[in-house]
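S.K.: The chain contents come next:
Protein chains: 2
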Amino acid sequence: MQTLFVELGDRRYPIFIGHQLDGSKLLDQYIQSQQVMIVTNTTVAELYLAHYLKQFQMMGRTVATCILPDGEKYKDFQHLHLIFDALLEANFNRDCTVVALGGGVIGDMAGYAAASFQRGVNFIQIPTTLLSQVDSSVGGKTGINHPLGKNMIGAFKQPEAVIADMAVLDTLPDRELSAGLAEVIKYALLGDVEFLIWLEQNMSKLLDRDREVLAEAVYRCCAHKARIVANDETEKGERALLNLGHTYGHAIESYMGYGNWLHGEAVATGMVMAASLSEQLGWISTEDVARVKDVLIQANLPIASPKIPIDEFLGYMAHDKKVLNGQLRLVLLKCLGEAVITKDFEQSQLIQSIQDNLVA
Amino acid sequence: MQTLFVELGDRRYPIFIGHQLDGSKLLDQYIQSQQVMIVTNTTVAELYLAHYLKQFQMMGRTVATCILPDGEKYKDFQHLHLIFDALLEANFNRDCTVVALGGGVIGDMAGYAAASFQRGVNFIQIPTTLLSQVDSSVGGKTGINHPLGKNMIGAFKQPEAVIADMAVLDTLPDRELSAGLAEVIKYALLGDVEFLIWLEQNMSKLLDRDREVLAEAVYRCCAHKARIVANDETEKGERALLNLGHTYGHAIESYMGYGNWLHGEAVATGMVMAASLSEQLGWISTEDVARVKDVLIQANLPIASPKIPIDEFLGYMAHDKKVLNGQLRLVLLKCLGEAVITKDFEQSQLIQSIQDNLVA
Ligand SMILES: NC(=O)c1ccc[n+]([C@@H]2O[C@H](COP(=O)([O-])OP(=O)(O)OC[C@H]3O[C@@H](n4cnc5c(N)ncnc54)[C@H](O)[C@@H]3O)[C@@H](O)[C@H]2O)c1
Ligand SMILES: NC(=O)c1ccc[n+]([C@@H]2O[C@H](COP(=O)([O-])OP(=O)(O)OC[C@H]3O[C@@H](n4cnc5c(N)ncnc54)[C@H](O)[C@@H]3O)[C@@H](O)[C@H]2O)c1
Ligand SMILES: [Zn+2]
Ligand SMILES: [Zn+2]
Chain A
1 MQTLFVELGD RRYPIFIGHQ LDGSKLLDQY IQSQQVMIVT NTTVAELYLA
51 HYLKQFQMMG RTVATCILPD GEKYKDFQHL HLIFDALLEA NFNRDCTVVA
101 LGGGVIGDMA GYAAASFQRG VNFIQIPTTL LSQVDSSVGG KTGINHPLGK
151 NMIGAFKQPE AVIADMAVLD TLPDRELSAG LAEVIKYALL GDVEFLIWLE
201 QNMSKLLDRD REVLAEAVYR CCAHKARIVA NDETEKGERA LLNLGHTYGH
251 AIESYMGYGN WLHGEAVATG MVMAASLSEQ LGWISTEDVA RVKDVLIQAN
301 LPIASPKIPI DEFLGYMAHD KKVLNGQLRL VLLKCLGEAV ITKDFEQSQL
351 IQSIQDNLVA
Chain B
1 MQTLFVELGD RRYPIFIGHQ LDGSKLLDQY IQSQQVMIVT NTTVAELYLA
51 HYLKQFQMMG RTVATCILPD GEKYKDFQHL HLIFDALLEA NFNRDCTVVA
101 LGGGVIGDMA GYAAASFQRG VNFIQIPTTL LSQVDSSVGG KTGINHPLGK
151 NMIGAFKQPE AVIADMAVLD TLPDRELSAG LAEVIKYALL GDVEFLIWLE
201 QNMSKLLDRD REVLAEAVYR CCAHKARIVA NDETEKGERA LLNLGHTYGH
251 AIESYMGYGN WLHGEAVATG MVMAASLSEQ LGWISTEDVA RVKDVLIQAN
301 LPIASPKIPI DEFLGYMAHD KKVLNGQLRL VLLKCLGEAV ITKDFEQSQL
351 IQSIQDNLVA
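For the record, the sequence lines run as chains A and B.
Each residue of the first sequence is one higher than the one before, starting from 1 at the first, in full-length UniProt numbering.
Each residue of the second sequence is one higher than the one before, starting from 1 at the first, in full-length UniProt numbering.
Here chain A stands alone, though its shape is the one from the complex (with noise of 0.2 Å):
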C-alpha cells in the first residue's frame, strides 16, 4: 500500500492507494464517530455494500444507509435530499461520518451532502472508478448538476481520507475504465512527460488491470493532483490546467445529452482539439500531435467528436466556466508535459481545432 497526503495544513488527509487493502483498519483510524452513512448507488451496492457494511458492523458502529439510483441524470437536488432524509431519519448528529462507496456520481453528491449536513460532518471516499480514484475523490470539489448546468451547485469539502482499492475496479465496464485512463493520460500531458512515457509502455497492463500497475498510475495521478489541490485549492489559478481539454470536451458532452458520450471520451477528443490548436501556435510538432493521438487509441478511447455544426460547438463552449469576461481561456500544451492556460489564438484558429478533428 502507497500512502500520499493532501497538504491542506489542518485539513491535511491521505489517500490510501493500494489493492485489497485491509480497509477496516484505515478505517477504524479516520471514522471517529459512532454514526456512519454509506452513500452508494444501486451498481455498486449490489457489489460491495456487504462488505463494508460488515467491517463497520464489525468495528461496532451504527451503520445506515442510502442507496440511490445509478446515473448521472440522478445528480440533483431531488436525490441529494434523498441522503439528507436518510441522515435525518437515522437520527445521525453533527459527528456522524459520510462514506461515499461509488463512482465520482456518488463521490460528489456524499461530498456535498456531507458538507452541507448540520453544516458540515466528517467525510470519507471510497472512489470504486478509475476517473474517481485518480480525479473527482481528490481535491475537495463536490456538487450537484442543476437543469442549466453540470456541477453548478456545490461545495469545496475535502475529506478525512480517501482509499483507492484497485480490487474493486475488476468489475468496472470496459468503457468505464477507459474513460478513467483519458483522465490519466491527461496528468502526463498537461504535466509530466515521463509519466507518457510509462503509460505509453504501461498501456496494455493497465487495460488487463493489472493491479500493481494499475496502483502505480492512480498514485502517480493523485500525487500530481494533490499537489495542485495543496497550491491552489479553490481553483484561483493553477488548478484550472486540470480542464485540459475539458472545455472541448464539454461542448461534446452537451450536444450529444450527458450519458451517451462518457466524461472521459469527451475529455479524451478535447485533449486531441486542445493539442491540434497547440499545433497551430507552433507549441507543438505534428509528431506530439500523432502520440496524443497514439495513446488515446492504445486506451480505446475516441480522437474525434461527432459532426457538431461548429456554431454549436462553439456556443456550448462559450458556456463553459472557464470563461472570464466574454473571452475564452483554454488550456493548451506549450509541449508535452507542460501545460498553460491562455486566450491568445485566433478564432479562425480555435475553429481549425475543431473542424480538424470531426469524424469523416
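Treat the hints loosely; a few may be bogus.
[Claimed, not checked] The list that follows gives simulated cross-link-like pairs (lysine to any residue, SDA-like), each with its CA atoms no further than 25 Å apart:
hint	chain 1	residue 1	chain 2	residue 2
1	B	K236	A	G9
2	A	K236	B	D28
3	A	K150	B	L88
4	B	K236	A	P14
5	B	K150	A	V63
6	A	K150	B	K73
7	A	K343	B	R94
8	B	K73	A	L82
9	A	K343	B	N91
10	B	K236	A	G120
11	B	K343	A	R94
12	A	K236	B	D10
13	A	K150	B	N122
14	A	K73	B	N91
15	A	K236	B	Q34
16	B	K150	B	K54
[Unchecked claim] For each label pair, taking beta carbons as the anchor points, the in silico distance ranges come out as:
hint	chain 1	residue 1	chain 2	residue 2	range
17	B	F5	A	T286	53 to 63 Å
18	A	K54	B	F5	21 to 31 Å
19	B	I341	A	Q32	19 to 29 Å
20	B	E238	A	D232	24 to 34 Å
21	A	M58	B	T234	47 to 57 Å
22	A	S285	B	N91	45 to 55 Å
23	A	G60	B	G237	48 to 58 Å
24	B	D356	A	T62	47 to 57 Å
25	B	T234	A	E194	40 to 50 Å
26	B	D22	A	G315	39 to 49 Å
27	A	D311	B	E89	21 to 31 Å
28	B	T42	A	G337	51 to 61 Å
29	A	R94	B	E89	31 to 41 Å
Treat the hints as calculated values from the structure; they're not laboratory data.
Note that the Cβ used here is the ideal one computed from N, Cα and C, for glycine as well.
With chain A's structure known, arrange chain B with the ligands on it following the hints.
M.R.: Chain B with the ligands only, in chain A's frame:
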C-alpha cells in the same frame, strides 16, 4: 457610522452600523463584481428594493433580483432552488455577488445559495430586522430547514460585508422588534452586565426606535458576536454560549409550531428558564432572576411558556443540537453577565425550571 471587523484572517470583513448609511459608497467598495443578484422577499421588496436597485444601477452593475415569498416556511429546498434558477437564468458566473436584503430567513437562504452556487460566490448581507442585524447576519451560519429539523442543511459562509442600517427598522412590526430585543438581552446576560444596565436604562428609547440608541445596541451585540465568532468560527466551543435560552426555546417553538411563537419570544422565555435553573444551582439569586424577567417584560417579551406537557417539553429539548452523546448540555448563568455550558444539573431541577415558568 460605526465600523466593526469580524477578525477571520483572510476572510476578515466589516460590519457597518448607522442610520441612512450612504449605501452606494459602501456597496461600490465591497462589491467588486459586475453581476449582482439581490435576494429578498415580497414584504421587503415592496419597501426597499427600488432603493437598492437604483443604487446598483447607478453604479453601472448588472442587477437581477430573486423575490421569494415571505416566511420561515419557505426556508426550504424548493425555494433555495429558485435562487439558483435566477442566477443561472441571468447567466451569472463565478464572479457574481449575491446580496441578501431582508431578515434572517433571507440572509440564511441567500447565504447558503452564495456558498453553493459554483461552489461559492461573493456575498453581502443587508439585514433589515433587528434580529438579523444583531445575530444572523454576523458569523457566517447559513442554511435552510428540512421537514425533520430546523437549519439542518447549510454552510459556514462569511460575507464580504454587512450593512446594518437602522433606518429600515422604522417599518418593522413591533412584535418583530421585540423578538430582536430578546437576542440583544441575551448578549447582555451571557457576557456583559454593564450592557444589561444600559439596556434597563434605554429600553423605552429602543422601543421608540431611536436610531442612535438602536445603533449603539446593535454595535455592542455585533462586537460581542464578532469576538466569539473570531475565536470559534465553527462552534466547537465558546460559540455555543450564544445558545443561552435556545434549547428551552426550541422546545416551545417546536411544540407551538413554527411561526406561532416568534423565535425571539421563545428564546426570551427560555432565558427565564435557564435563569431559574441557574438559581436552583445556587449560581444566581432570586433577585437576579427577577431582574431577567423585568428586562424582558420591559421589551414586551413573554416570560412564561404555554402549558406544554413536561414529557413533550423534555422530548423536544433532547432533539436539540446541543445534545452530545445523549447527554443534555445547557447554557446557564454563573452570574448575570457570565454564561457557562454545563451538564451538571439534576433531571428534577431541569423539570422544576420548566414547570416554574409555565403560564398559570
Ligand atoms: N469532484 C471532482 O473533482 C470531479 C472530477 C471529475 C469528475 N467528477 C464527476 O464525476 C462523475 C463521473 O464519475 P465516474 O466516471 O466515476 O462516473 P459514475 O460515478 O457514474 O460511475 C460510472 C459507472 O460505473 C459504475 N461503477 C462504479 N464503480 C464500479 C465498480 N467498482 N464496478 C462496476 N461498476 C462500477 C457506476 O455505478 C456507474 O454506472 C461526473 O458526475 C463528474 O462531474 C467530479
Ligand atoms: N444564521 C444565523 O446565525 C441565525 C441566527 C439567528 C436566527 N437565524 C434565522 O433567522 C430567521 C429569523 O430571522 P428574522 O427574525 O429576521 O425573521 P424574518 O426574516 O422572517 O423577518 C421577520 C419578518 O419581518 C419582515 N421584515 C424584514 N425586514 C423588515 C423591515 N425592515 N420592515 C418591515 N418588515 C420587515 C419579514 O418579511 C418577515 O415577515 C430564522 O430562520 C432563524 O433560523 C439565523
Ligand atoms: Zn474530467
Ligand atoms: Zn436565536
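S.K.: Could you run down the list of hints and mark each one as holding or not?
M.R.: Status of each hint after checking the structure:
no.	hint	in the structure
1	B:K236 <-> A:G9	holds (18 Å)
2	A:K236 <-> B:D28	holds (23 Å)
3	A:K150 <-> B:L88	holds (11 Å)
4	B:K236 <-> A:P14	holds (23 Å)
5	B:K150 <-> A:V63	holds (24 Å)
6	A:K150 <-> B:K73	violated (29 Å)
7	A:K343 <-> B:R94	holds (18 Å)
8	B:K73 <-> A:L82	holds (20 Å)
9	A:K343 <-> B:N91	holds (21 Å)
10	B:K236 <-> A:G120	holds (12 Å)
11	B:K343 <-> A:R94	holds (18 Å)
12	A:K236 <-> B:D10	holds (15 Å)
13	A:K150 <-> B:N122	holds (20 Å)
14	A:K73 <-> B:N91	holds (22 Å)
15	A:K236 <-> B:Q34	holds (18 Å)
16	B:K150 <-> B:K54	violated (35 Å)
17	B:F5 <-> A:T286: 53 to 63 Å	holds (58 Å)
18	A:K54 <-> B:F5: 21 to 31 Å	violated (52 Å)
19	B:I341 <-> A:Q32: 19 to 29 Å	holds (22 Å)
20	B:E238 <-> A:D232: 24 to 34 Å	holds (32 Å)
21	A:M58 <-> B:T234: 47 to 57 Å	violated (32 Å)
22	A:S285 <-> B:N91: 45 to 55 Å	violated (39 Å)
23	A:G60 <-> B:G237: 48 to 58 Å	violated (28 Å)
24	B:D356 <-> A:T62: 47 to 57 Å	violated (37 Å)
25	B:T234 <-> A:E194: 40 to 50 Å	holds (42 Å)
26	B:D22 <-> A:G315: 39 to 49 Å	holds (42 Å)
27	A:D311 <-> B:E89: 21 to 31 Å	holds (22 Å)
28	B:T42 <-> A:G337: 51 to 61 Å	holds (57 Å)
29	A:R94 <-> B:E89: 31 to 41 Å	holds (35 Å)
Violated hints for the displayed structure, listed by number in ascending order: 6, 16, 18, 21, 22, 23, 24.
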